[in-house]
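Colleague: What follows is each chain in one-letter form.
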Amino acid sequence: MVTIAQSIPVPLRLPALREMFEARKRVFVDLLKWDIPVLEERYEVDQFDDEYATYLIVPDDAGGHAGSARLLDTGRPHILDTLFPELCEAPLPRGPRVLEITRFCLGRARGAHARIETRNRLVSGLVRYALENGIETYTGVAEMGWLSQILAFGWRCRPLGLPRMIDGKMLGALRIDISEETPALLEANGIYRPAPLQRLETLAAA
Amino acid sequence: MRPFERAEIFLRDVSETNTESELAEALGIVSHELGFEYFALSHHVDLRRAAQPAIRLHNYPADWVEYYDANSLGVSDPVHRASHVTSVGFAWSEIPRMIAMTPKDHEILFRGGARGIGDGFTVPANVPGESNGSCSFANPAGTPMREEDLPLAQLIGAFAFEAARKLWRVRGPLIQPPPRLTDRQRECILWVARGKSDWEISRILGVEHETVVRHLKQARERYGVGKRTMLAVQALFDGSISFTDILKR
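If you read the protein sequences in the order shown, they are chains S and E.
Read in our numbering, the first sequence has 23 at position 23, and its numbers run on one by one without any break.
Take any residue in the second sequence, count from 1 to its spot, add 206: that is its number in our numbering.
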C-alpha cells in the first residue's frame, strides 16, 4: 500500500506526516548536506510544504515511514520554475497534467536491500498515482549521480537542459512521461510493485 | 547549435537504434563533436555472469585493446575503480585524488598514453544490483579536453549507457534477481563482512552457535558459493547489504 496525503493546510501539524519530515531532515540535510531550512532541529520543511503539496508515503512494516515523495502543482510556483529556472532549456512542462516530483526520500533506518524495495514501491506508486489522476508528465531536479539509476527504471525520461554545477553538486532537470505502457516498462526492469493507493484520513487533523 | 540541442539529437538517434553497431556509430559521431577522439562504453566485469561476454563498445586503437585484454585490465583498470567511488563524471587527471594509485595503475595510464590515449572523462553508470559500468570519452595524448562540453558529455554518457543496457536486455535477462535472503541470514552476513566468526556472531545476536552456522550455510547455498568471504562479496555486489551497512557504527 502507498499512502496519499493532500490538501492539508499545515502538513507539519499532522502527526501522521511528522515522521516523514524527520526522515527528510536525516536524508537531505544530514546525509546529502543540502543547504535547506530545518525546524526545531528535527524537521525539514520548506515553503512548498503547504496545502497544495501532495505526499506519497510508503509505510514500513510497523506503519512508520520507509520512503516518501512530494508532488508539487506545476500551475503554481514550484522548485524548477522558482529555484532552478536555469536548468531548463527546453520549454518547461507545466499545467494540470504535469506534477513536479520533489524530496524523493528513502529512509535510512533500514538496510540497502530494504531501501531498494522501498524505492521500487515508491516509483510504482508514482506511476499508479499519475495513471489514476490524469497526470501525463512528471518533472524534477536530480543530482546527476542518480541519473543512471533513474534511467534504469526503464520509464520514458528525458533531460530538460544541460546539467550544471550548483553549490558543488551537478544538477539537471528531467521530465518523465507516464502512459499506460509505463508499468510494463518498469516491470521489464524488475522494479514494478503494484499496490493500491490509499488516501490518508485527515479529518482528525483538521 | 546549442549543446543541449546536440543532446536532444543524440537522444532521438539512440531511441531509434536497434543494434550495438548503430549505437557505437551514434556515440562515435557525438564524441567527435564533443572534441573527443575516442569513446568506450562498458559494463565492468560481471562477477556472477562472467561466463557470458559483457557488451563493450569502443573505438580505441586496436593495439591498446589487445594490450588491455592480454593483461585483463577490465577488473583492475584505475578508471573503472575510480568510477566506483563516485557517481558523477570525472576527468582522468583527478583519479590520483580519488583512489589510492598503485605502481601498476601509473603504468596503465602511462602505457595508455604511449598508445595514444591521453586525458579522458568518465561517466559512471552504477545501478544497484547490477554490475557497475561506465562510459568514457578520451583524447590522444597532448590534446586538452573542452571543459565547457563536459556537462553535455555527462548527459550523453548516462543516456548512452542506458541505451546499451536496453540492447543488452534483449539478448537475455540482464538482471538475475538476487537470491532472497531472510533478515537473519542478511544480519549474519553483515557480521561476516565485519570479520566476526560464527561463534562471535552467535554471541552478538544472542542465538545458538549452531543457528548461525545454519543461517550462513543456507545463505551460501542460495548464492552457490563455498566460502564466507565470497558470500559477503556477492551480497554486497547485488545490493543485499551495502558498504554503509557494514561500516556504520
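Hints in this document: simulated from the structure, not taken from any laboratory.
One should not assume that every hint holds.
Now the stretches of chain E that chain S is said to cover, found in silico as 3 or more residues with beta-carbon under 8 angstroms [as the list claims (entries may be wrong)]: (1) 208-222; (2) 235-248; (3) 327-336; (4) 352-360; (5) 446-453.
Heads up, the beta-carbon is just placed ideally off N, CA and C, and yes, glycines get one too.
Colleague: With reference to the structure, classify each hint as holding or not holding.
Modeller: Structure-based check of all given hints:
Given as covered by chain S, the stretch 208-222 of chain E passes the check, having 6 residues with a CB less than 8 angstroms from a CB of that chain where 3 are the minimum. Counting residues of the stretch 235-248 of chain E whose CB falls under 8 angstroms from any CB of chain S gives 0; the rule of at least 3 is not met. Taking a C-beta to C-beta cut-off of 8 angstroms, the stretch 327-336 of chain E contributes 7 residues in contact with chain S, enough for the three needed, and the coverage statement holds. Evaluation of the coverage hint for the stretch 352-360 of chain E: fulfilled, as 3 residues show C-beta separations to chain S shorter than 8 angstroms, against a requirement of three.
Counting residues of the stretch 446-453 of chain E whose beta carbon lies closer than 8 angstroms to any beta carbon of chain S gives 5, which reaches the threshold of three, so the coverage claim holds.
Hint compliance for this structure: hint 2 alone is broken.
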